[in-house]
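So that you can map any letter, position 37 of the sequence shown is 37 in my numbering, and since no number is skipped, the others follow by simple counting.
Derived from the structure by calculation, the hints contain no laboratory data.
The reader is advised that the hints may include incorrect statements.
Said to hold, decoys possible - Straight-line alpha carbon distances no greater than 25 Å define the calculated SDA-like cross-link-like pairs of lysine to any residue that follow:
#: 1; residue 1: Lys10; residue 2: Arg58
#: 2; residue 1: Lys10; residue 2: Pro50
#: 3; residue 1: Lys10; residue 2: Met24
#: 4; residue 1: Lys10; residue 2: Asp47
Stated by the list, open to error - Distance ranges between label pairs, derived from CB positions:
#: 5; residue 1: Gly7; residue 2: Ser48; range: 36 to 44 Å
#: 6; residue 1: Asp47; residue 2: Arg9; range: 31 to 39 Å
#: 7; residue 1: Leu19; residue 2: Val61; range: 28 to 36 Å
#: 8; residue 1: Asp47; residue 2: Gly8; range: 33 to 41 Å
#: 9; residue 1: Arg76; residue 2: Ala34; range: 26 to 34 Å
#: 10; residue 1: Lys10; residue 2: Pro59; range: 17 to 25 Å
#: 11; residue 1: Ala49; residue 2: Glu5; range: 13 to 21 Å
#: 12; residue 1: Val14; residue 2: Pro63; range: 14 to 22 Å
#: 13; residue 1: Phe54; residue 2: Leu31; range: 18 to 26 Å
#: 14; residue 1: Gly8; residue 2: Glu68; range: 28 to 36 Å
Every residue, glycine too, gets a C-beta built ideally from N, C-alpha and C.
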Amino acid sequence: MDVWEHGGRKFEVVMASDLDRDGMALELTDLADAPGVGPVLEAFWHDSAPGFDFIVHRPTVVPLPVIERFVNEASRLLPPVQQR
1 MDVWEHGGRK FEVVMASDLD RDGMALELTD LADAPGVGPV LEAFWHDSAP
51 GFDFIVHRPT VVPLPVIERF VNEASRLLPP VQQR
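Using the sequences and the hints, build the whole thing.
Now the structure itself:
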């Protein structure tokens, strides 16, 4: 778990494996009270067909620097070492 701050807002980033979908995910959660704490964005790496999907969990405004950092971290952390 990692907490990022930007413009007074906090976001939590968590990485997890998902056996059902056969891959790994990085999830971005908005920790703000309004519109409410909850997952905002997920990057998912498929082991069976290598590549990313990005899933938006709910509509909310996320600052571009946070999105850019999230995409960079997903690219760096998610693909298995042998496929890089």
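Item to check | Numbered hints the structure breaks, given as an ascending list | outcome: Violated hints: 2, 4, 11, 14; rest satisfied.
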